[in-house]
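So you can see what is in the structure, the chains are spelled out below.
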Amino acid sequence: MRRFLYLIEKEFKHIFRDKFMPKLIFVIPIIQLLILPWAADFEVKNINIEILDRDMSSLSRRLCLKISASEYFTATFSSGSYEDSLWKIERGQTDMILEIPHGFESDLIKHKGSQVLLGVNAINGLKGGMGTSYANDIISDFCSEMALRNFPDSKPFNVEVLADYRFNPYLNSKAFIVPAIVVFLFSLIGGILAALNIVGEKELGTMEQMNVAPISKTMFIASKLLPVWILGMLILTIGMAIAYLVYGLLPKGSFLIVYVFAAVYLTAFTAFGLIISNISSSAQQAILTFLFFILIFLLMSGIFTPIDSMPHWAQNITICNPIRYMVEVMRSIYLKGGTFEDLQSQFYIICVFTLLLNIYAVVSFKRNVN
Amino acid sequence: MMTIEAENLTKRFGDFIAVDSISFGVERGEIFGFLGANGAGKSTAMRMLCGLLTPTSGRAKVAGFDVYTQSEQIKRNIGYMSQKFSLYGDLTVGENIKFWGGLYGLSYSEIRARKSEIMDVLGMGSLENSFVNSLPLGWKQKLSFSISIIHNPQIVFLDEPTGGVDPLVRRKFWEMIFDASRRGITVFVTTHYLDEAEYCDRVSVMVDGKIRAMGSPSELKRKFSQEKMEGVFKVLARTAKRKSD
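Residue numbers (my numbering), protein chains in the order written: chain A, 2 to 371; chain B, 33 to 277.
For reference, chain B alone in the conformation it holds in the complex:
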């Protein structure tokens, strides 16, 4: 069953075509990597799928809901974590969990259960009452991810979630992503760390607003006869005409 379906999805800003008629599908529980250079249109595409931007044309369904008319239902069924840090620094770890849990409609006992679960998984038991501002970036990102799936969404959108984080934490972060995927949560992730692309079940590569290649990492490497995803990406990115920003 497809949890994300897009058909000829397009977004124009005036004369500029940010996303140019892309079509793809993502299966339930899949880790789908969304690659592309800066300015290729990744974020715009992701925003349309999250219900933050209305597409100019084309069709898309997320978690079975239409992006044009059912953005409120979509929001209830997705999690989102952006490259910008998005927890409240002046609230404690516990308060952030409680706030976002509450906002997604979790009951008080559910919040409590999820809170102790998150603290266990992250090994932050003693930090429940420390302000999020005082945590190191790696922990903030992991906490951010845990909170973005606090309501067990069908899909979680991750917009360059590991930006600025050291390799060890990135590895840990990906373990959390695998774990979420095993629990049946579809993961839609953009990244420019190409080693991370290898962890995905399938990836698509966007160039100038279009999807130029899509498939599992091993398929793509075979197709472009490269040893690493980095090579695949370089071959495709070389064809870009648009300047990155």
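Just chain A, same shape as in the assembly:
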């Protein structure tokens, strides 16, 4: 045990005496958490809608009012041509156009029906889609209201579709993306530090000296893993602090569950880094190998794109991605207040990863050089 303490002490000295490491460990996560969530913004509040009211009737004005009262839309009014408004979309000054035709009110009253035109900028597909669906909701809501008021006796044939955006009512992308980025960051830093670790000793030539020292493989690997693990947990904590201070996000579930999962998960991911370190003969090789895996893990983790919308074969690949499970766990705890019971299956999967990767980290560590 005393030997283990000497090893740990040495590892920490290596990390903090390095000119670059402390910066990597603390500055990068902070900067990334401040920048990435804004870049990956799926926010659908404040959709700019330009309303062209050609009818100027009380009914059309009521519809306009209903739309501008909605918190999803910022409405502006114009009496210009549809083409003018289209030009505004092209210049990014507005996202949607709603044209209410002349005779809207009389059509509604006489024919119990009318048409409006919705022009949508679909370059940002998500924003366009959400905007259309919100506008549809509001308009159909308006129709049933009017029908009820004007023809109380007749039952309007009206199927109402209610969209209920649960857990994240405004589809606030920060709430969705920030917990996932926290997971990515502490995986990234933990993984890189581990990947550079053993190979660093190989390059220095101290590995050979370590190999003839009377310490077991397991103790050696553990001494490499523990400091990285502690730093990873620290980054998780910094990440959650930023999530709260900058984005006002706190887990709906308990911190304890976050840490329990992170503790097990990080053991798996640092072991993964150590395996790369074991099989690499230079730091360059280790970093490139790590980069190869982390990019695939990142893109197939569901952080930015939903796994459900991937093709079936790609979904199968995500099964082998440890980050995916931790992202699920983190989102569940942050957004839904997930409890341990809810996340049991993820817990067992992460445990399996931890077990297998750690066994392989010890096995793949070869003392016999040549």
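Hints were generated in silico from the structure; no laboratory data involved.
Computed from a prediction, not measured in an experiment: that's the story for all the values here.
Treat the hints loosely; a few may be bogus.
For lysine-lysine, the following DSS-like pairs were computed, each having C-alpha atoms within a straight-line distance of at most 25 Å [what the hints assert, rightly or not]:
hint	chain 1	residue 1	chain 2	residue 2
1	A	Lys14	B	Lys172
2	B	Lys116	A	Lys218
3	B	Lys93	A	Lys367
4	A	Lys14	B	Lys147
5	A	Lys111	A	Lys67
6	B	Lys147	B	Lys172
7	A	Lys20	B	Lys116
8	B	Lys204	A	Lys203
9	B	Lys253	A	Lys203
10	B	Lys204	B	Lys147
11	A	Lys20	B	Lys172
12	B	Lys93	A	Lys218
13	B	Lys273	B	Lys253
14	B	Lys204	B	Lys172
15	B	Lys116	B	Lys172
16	A	Lys14	B	Lys116
17	A	Lys367	B	Lys253
Simulated restraints on C-beta separations [said to hold, decoys possible]:
hint	chain 1	residue 1	chain 2	residue 2	range
18	B	Arg214	A	Lys367	34 to 40 Å
19	B	Glu262	A	Ala284	24 to 30 Å
20	B	Arg274	A	Cys352	47 to 53 Å
Think of the CB as a built atom: it goes at the ideal place given N, C-alpha and C, for glycine as much as any other residue.
We have chain A already, so just place chain B on it with the hints.
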């Protein structure tokens, strides 16, 4: 009493026989020189004795322990210093001593005692808190050697310990080796400086994985009727078929 015994020790890598059935014994306190051209199989043989490589066949005992089954006990009883510099450059002199001492299971007071002893012997008292990276190579090598025997091992293996060091430092280094030998530590050293071979009690010369000659330097010189070990080595090395790397 023999501290190292090897009998028909062999190591194959695929078709290549790196070490071909070597047999020898080293006595306690002896300085045993292990000579050979590059690629002759010296390092491979040494690695087998340190428990870093499992032999393909043959038998060997180091400090009384079997190389096949007791490599952990062997590690506890040997010191090792390789041609590559093997201290941590980002730790200070004192921290390196403390770390390696601790790793070999020395108590805190033992570490302190050994530390001041090493600083005295090397005359580096004022450098305890300087980073090892900032030391000149000669001092690093001497420090490296002192640390490799910090736990008073039965045997110390030195793999070309004086590579790249100037003659004056080499002379000092050998004084440290003599000193260790006087304290009863067996020294097993590979080198290609042939003048250093003269300092050994006994030497063996490896050619193409086999030991071609073994004995004290004076015996060998007589046998091959040469004036210096260099001559002996040249006569033997000329018979090599294997290309050096």
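Verification of the supplied hints:
no.	hint	result
1	Lys14(A) <-> Lys172(B)	20 Å, holds
2	Lys116(B) <-> Lys218(A)	22 Å, holds
3	Lys93(B) <-> Lys367(A)	23 Å, holds
4	Lys14(A) <-> Lys147(B)	20 Å, holds
5	Lys111(A) <-> Lys67(A)	22 Å, holds
6	Lys147(B) <-> Lys172(B)	15 Å, holds
7	Lys20(A) <-> Lys116(B)	24 Å, holds
8	Lys204(B) <-> Lys203(A)	29 Å, violated
9	Lys253(B) <-> Lys203(A)	40 Å, violated
10	Lys204(B) <-> Lys147(B)	19 Å, holds
11	Lys20(A) <-> Lys172(B)	23 Å, holds
12	Lys93(B) <-> Lys218(A)	23 Å, holds
13	Lys273(B) <-> Lys253(B)	23 Å, holds
14	Lys204(B) <-> Lys172(B)	13 Å, holds
15	Lys116(B) <-> Lys172(B)	11 Å, holds
16	Lys14(A) <-> Lys116(B)	22 Å, holds
17	Lys367(A) <-> Lys253(B)	42 Å, violated
18	Arg214(B) <-> Lys367(A): 34 to 40 Å	38 Å, holds
19	Glu262(B) <-> Ala284(A): 24 to 30 Å	40 Å, violated
20	Arg274(B) <-> Cys352(A): 47 to 53 Å	52 Å, holds
The structure shown violates the earlier hints numbered 8, 9, 17, 19.
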